Amino acid sequence: MADTLTPDRLTARHVGAVYRRALLAQIRAITEYPGDFWVMASAGVMWNVLQFAFLTVLFAAVPEVAGWRYHEMLMLSGLLTVAAGSTAILCDGIWSTGQMVLKGEIDYRMTRPAPVVVQVATTHIGMQGFGEVGFGLVMVAYGWIGAGLGPASLPLVLLGIVCAVVIECALITLFCAVNFWIKGPMSNFAFVMLDLQHHAMTMPLGLFPIGVKVVTMFVVPVAFVNFVPVAALSGHLAPWWVIGMPVAAAASVLAALGVYRLGLRSYDSSGH
Amino acid sequence: MPILEARSLTKTFRRPDKTSGFKGAVKHLVQRKYKNYTAVDGIDLSIEPGESVAYVGPNGAGKSTTVKLLTGILRPSEGTVRVMGRDPHTERIANAHDIGVLFGQRTQLWWDLPVEESLKLLKHMYGVSDADYKARIARFDELLDLGEFMPALARTLSLGQRMRADLACALIHAPKMVYLDEPTIGLDISVKDRLRAFLRELVDGGTTLLLTSHDLADIEEVCERIVVIDKGAVAYDGPIQQLKAHYITTKAVNLFLEGPADVDELKLKFPQYEWAAGEAPSEVTVTYESRHFTAAEVLGGLTAELAPRDLSLSEPSIEDVIRRLYAGELTK
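Residue numbers (our numbering), protein chains in the order written: chain A, 1 to 272; chain B, 273 to 604.
There could be a bad hint or two in this list.
Only pairs whose alpha carbons sit at most 25 angstroms apart, straight line, appear in this in silico BS3-like list of lysine-lysine [stated by the list, open to error]:
1. 103(A) / 305(B)
2. 307(B) / 183(A)
3. 307(B) / 295(B)
Which chain B residues face chain A? A few, computed with CB under 7 angstroms, are given here [stated by the list, open to error]:
4. 343
5. 345
6. 389
7. 396
8. 525
9. 529
10. 531
11. 535
Worth flagging that the hints you see were computed from the coordinates, not collected in a lab.
Just so you know, these numbers come straight off a predicted model, no measurement behind them.
Just so it is clear, CB atoms sit at the ideal spot from N, CA and C, and this is done for glycine as well.
Model the full assembly from the supplied sequences, consistent with the hints where possible.
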C-alpha cells in the first residue's frame with residue numbers, strides 16, 4: 001500500500017516511512033561488501049576497548065576523578081559511544097553534505113517529495129557504528145550495574161540513550177549544514193565537535209572551567225549527550241536536570257532542521 | 273493557462289576571483305575576492321500543457337542553470353518562475369509530485385542497489401499505488417526493455433541501461449511536466465533511437481516536455497518548439513519548422529551527370545545559382561535561394577538542360593542554423 005502522502009505537505013508518517021525504507025536499502029547495500037562490514041564493525045569495537053582499558057588502568061591507580069567513580073565513568077564513556085555509534089548507523093550520510101554541495105549531488109534530492117536532510121542522511125551507513133553501539137551498550141550496562149543504580153533507574157537510562165542519540169544526530173547535522181556556506185568536502189565543524197566530545201566529554205565536566213560548562217550545556221549542548229544523564233542518574237546533578245535532556249534534544253533538532261533548510265536556500269549546485 | 277511560466281528569470285553566481293598558480297591560491301586564502309557571473313539573464317519563457325520544447329544553446333549558455341531554476345533546485349536571483357501556478361523552490365514538495373527530472377550526466381539510482389530497489393524507493397517516496405507502479409513498470413519494460421537489467425546493481429549498468437533506468441525513475445510517478453537535461457549524452461545510436469521513440473510517445477500522451485540536448489536529432493524528432501539561448505538570454509523562441517523556414521533560405525541539389533562536370537561552364541550557363549564540384553568527377557552541387565526559385569523551377573531547368581543520371585535535393589540541417597545563431601550570424 002502506498003505511504004500516506006498529501007500532495008502539498010509531508011506527513012510525519014510519510015517521512016518516517018521514507019527514512020526507514022532508505023535506511024533498510026542501505027543495510028541491504030552493505031551486504032554487497034561483507035569484508036568492509038566486519039573490518040569496520042571490529043574497528044568500532046577496538047577503539048572502545050582501548051577506552052575501556054584506559055579507564056580500568058586509571059581507576060586501578062586512583063579511586064575517583066573529580067568525585068566520579070569507575071562505573072560512573074564507564075557509563076559516561078559508554079553513553080557517548082552509543083550516541084556516536086548510533087549516528088553512524090542512523091545518519092552517516094549527513095557527513096557527505098559538503099561533498100554533495102560541491103558536486104551538485106543535492107539536485108535530484110531537491111526534486112523529490114521528501115526532506116532533503118532525510119535523503120542525504122540515509123545515503124550511507126557507517127559500519128563501525130554497529131561495533132560502537134554494541135560495545136557502548138555493554139559499557140553502559142556494566143557501569144549501571146556496577147554503580148548499583150538499580151532497576152528503578154532503567155527508564156531514565158533509556159530516556160538518556162534516546163535523547164543522547166537524538167542530540168548527537170541533530171548536532172552533527174547542524175554542523176555538516178555549515179558546508180552549504182563554507183564550501184569544502186570535509187565537515188570540519190562536525191569533526192571539531194566530535195573531537196571535543198571525545199577529549200572533554202569523557203571526563204567529568206567539573207574538571208573544566210565555567211566557560212566550557214556553559215558552552216557545552218547551553219550553546220552546543222553536548223553535555224546533554226552523556227554528562228547530564230549520567231550525572232543526574234548518579235546524583236552528581238539534581239534530578240530536575242533530567243528535564244533538560246528532551247528539551248535539549250528538541251532544541252537541537254529544531255536548530256539542525258532550520259540551519260539545513262537555510263542551507264538549501266543558499267545551495268547553488270555545480271556546473272553553471 | 274501555461275503549465276510553466278518564467279518572467280525575467282535571472283541567476284547570478286558568485287565566483288572566486290583569483291589569479292592562477294600557487295601565489296594566487298595563497299593570496300586568495302588571505303584576501304578573498306569574488307566576481308559575479310550571470311548564468312541566466314532575464315529569460316522569459318511560457319510553456320503550454322502538452323508542448324514539447326527544446327531548450328538549446330552552446331556550452332555555458334545557461335541551459336542547465338535554467339532547468340535547475342525551473343525545477344526549484346535553485347532560487348532565482350531575480351524574476352519569477354511558476355510551474356502549475358506554484359513557486360517550484362518555496363513549494364518544493366507540491367511541485368515534486370508534478371515534475372520529473374533527468375540529468376543525463378548524473379544518476380539518481382542508488383549505486384549499490386538493484387535498479388528495481390531504486391524504483392521501489394521512489395515509488396514509496398511519491399506514494400505511487402501498487403497497481404499504478406506495476407502498470408508503469410510493465411510499460412517501461414515494453415518500451416525501454418527495463419526487465420533485462422531490473423535485478424542488476426546500478427553500478428554494473430552500461431551507460432545506455434543506466435539512462436533508461438534513470439528515465440524510468442523520472443517518470444515512475446507519471447509527472448505532468450518533464451525536464452530532460454541531455455538525456456542521450458554518450459549513448460549509441462540504437463539506444464538513442466529507442467529513447468527518442470519513447471519520448472515521442474510520452475509527448476503524444478500529453479506530457480509536457482522541456483528537453484536540452486546538444487544532439488539536434490533529439491530535438492527534431494521529439495520537439496515542435498525550440499528555444500535557443502546564448503549568453504544566458506533567449507536568441508530564438510518559436511516552432512522548429514518556422515526556424516527552418518525563416519533561416520534556411522538556401523537549398524542544394526546534387527547532380528550526377530553522365531560525364532565529367534565542367535563547373536566553370538555550368539557557372540556561365542546558370543549564373544543565377546552557385547556551383548561547386550562534387551566528390552566524384554561527374555558530381556556537381558548547385559545551391560539556390562529558395563526565396564527566389566522553387567524546387568520545380570530549378571529541377572525542371574537543370575534536368576532539361578543537363579539530363580543527369582541521378583540527383584538528390586538537400587537543405588541545410590537545423591544544426592547549421594543553430595550553429596549560425598550561436599555564431600551571431602543570424603538575428604531574431
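Less than 7 angstroms between beta-carbons is the criterion; does residue 535(B) satisfy it with respect to chain A?
violated, 48 angstroms
Distance restraint between residue 103(A) and residue 305(B), which requires alpha-carbon spacing of 25 angstroms or less:
holds, 22 angstroms
For the hint on residue 525(B), just tell me whether its beta-carbon gets within less than 7 angstroms of chain A.
violated, 44 angstroms
Verify the interface restraint on residue 396(B): the C-beta must sit less than 7 angstroms from at least one C-beta of chain A.
holds, 5 angstroms
Is the shortest C-beta separation between residue 531(B) and chain A less than 7 angstroms?
Violated, because the Cβ-Cβ distance from residue 531(B) to chain A comes to roughly 56 angstroms (cut-off 7 angstroms).
Residue 307(B) and residue 295(B) were given as a pair; does the straight-line alpha-carbon distance stay at or below 25 angstroms?
holds, 19 angstroms
Does the interface hint hold: is residue 389(B) within less than 7 angstroms of chain A, judged Cβ to Cβ?
holds, 6 angstroms
Let me know if the C-beta of residue 345(B) comes in closer than 7 angstroms to any C-beta of chain A, holds or violated.
Given a least distance of 5 angstroms, the restraint on residue 345(B) holds.
Do the numbers back the hint for residue 529(B), that is, is its least Cβ distance to chain A under 7 angstroms?
For residue 529(B), the interface hint is violated, since the closest Cβ of chain A sits about 52 angstroms away, which is over 7 angstroms.
So, as I understand it, the hint says residue 343(B) touches chain A; can you test that by seeing if any CB pair is closer than 7 angstroms?
holds, 5 angstroms
Take a quick look at whether residue 307(B) and residue 183(A) sit within 25 angstroms of each other, Cα to Cα.
With a Cα-Cα distance of about 16 angstroms, the restraint between residue 307(B) and residue 183(A) holds, given a limit of 25 angstroms.
Against the hints set out earlier in the document, violations occur for numbers 8, 9, 10 and 11.
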